[in-house]
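For the sequence shown, this note's numbering gives the first residue as 346, with consecutive numbering after it.
Just so you know, not all the hints are guaranteed correct.
What the hints assert, rightly or not - Listed below are the simulated EDC-like cross-link pairs for lysine to aspartate or glutamate, each with C-alpha atoms no more than 20 Å apart in a straight line:
id, residue 1, residue 2
1, K369, E534
2, K450, E493
3, K450, E489
4, K369, D508
5, K450, D465
6, K369, D379
7, K450, D508
8, K369, D383
9, K450, E462
Hint data in this document are derived by calculation from the structure and do not stem from the laboratory.
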Amino acid sequence: MSTNDPQRTRLAQLVRDLAVVHGKVTLASGLESDFYVDMRRATLHHEAAPLIGHVMIDMLEEAGYSTEEIDAVGGLTMGADPVATAMLHAAASRGLELDAFVVRKAAKDHGMRRRVEGPDVAGRSVVVLEDTSTTGGSPLEAVEALREAGARVLAVAVIVDRDTGARERIEAAGLPYHAALGLADLGLE
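Given the sequences, and given the hints that come with them, work out the whole structure.
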């Protein structure tokens with residue numbers, strides 16, 4: 346984390362205060378942990394959500410992505426949904442055009458029968474999001490669905506990296522991986 350970035354510093358504090366829950370838990374990956382980072386407590390919070398949008402956009406710009414080359418952001422429902430919405434609103438506040446999308450766990454069996462909801466992603470450059478990543482399974486599932494829908498996936502970006510293999514797995518799949526915060530930023534290392 347950039348120590349000179351007051352927005353990222355404030356976001357880390359909010360995530361520590363709002364989302365870190367101590368106690369034995371089993372993660373979605375099946376791994377056990379002494380803490381849980383319940384990011385919905387931050388991504389749906391009145392102060393943290395706007396910060397998340399700006400910090401994530403800033404992080405992608407710092408990584409070398411121009412806002413003009415990213416057409417849309419999103420990921421597997423439900424963790425990615427509020428992150429994508431926060432980024433959409435932050436981009437709009439800056440006068441930037443950035444769409445959001447939602448990747449369903451399975452295609453609907455009625456209506457348009459789509460797995461990727463929102464503006465069409467075919468032929469568009471997208472970044473896959475996740476609120477917190479353990480093994481990288483959810484972002485990679487979203488990547489597969491987006492490629493099937495015709496999107497060009499540029500990278501995976503998460504708010505919190507738990508440092509339990511997600512980066513390695515996503516990079517092994519040929520995608521850049523970016524995390525706004527790590528466990529050290531949350532006082533968990």
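We went through each hint and held it up to the structure:
1. K369 - E534: holds (16 Å)
2. K450 - E493: With a Cα-Cα distance of about 14 Å, the restraint between K450 and E493 holds, given a limit of 20 Å.
3. K450 - E489: holds (11 Å)
4. K369 - D508: holds (18 Å)
5. K450 - D465: holds (17 Å)
6. K369 - D379: Holds - the C-alpha atoms of D379 and K369 are around 5 Å apart, at most 20 Å.
7. K450 - D508: violated (24 Å)
8. K369 - D383: holds (13 Å)
9. K450 - E462: Holds, at about 11 Å.
Hint 7 from the list above is the single one not met by this structure.
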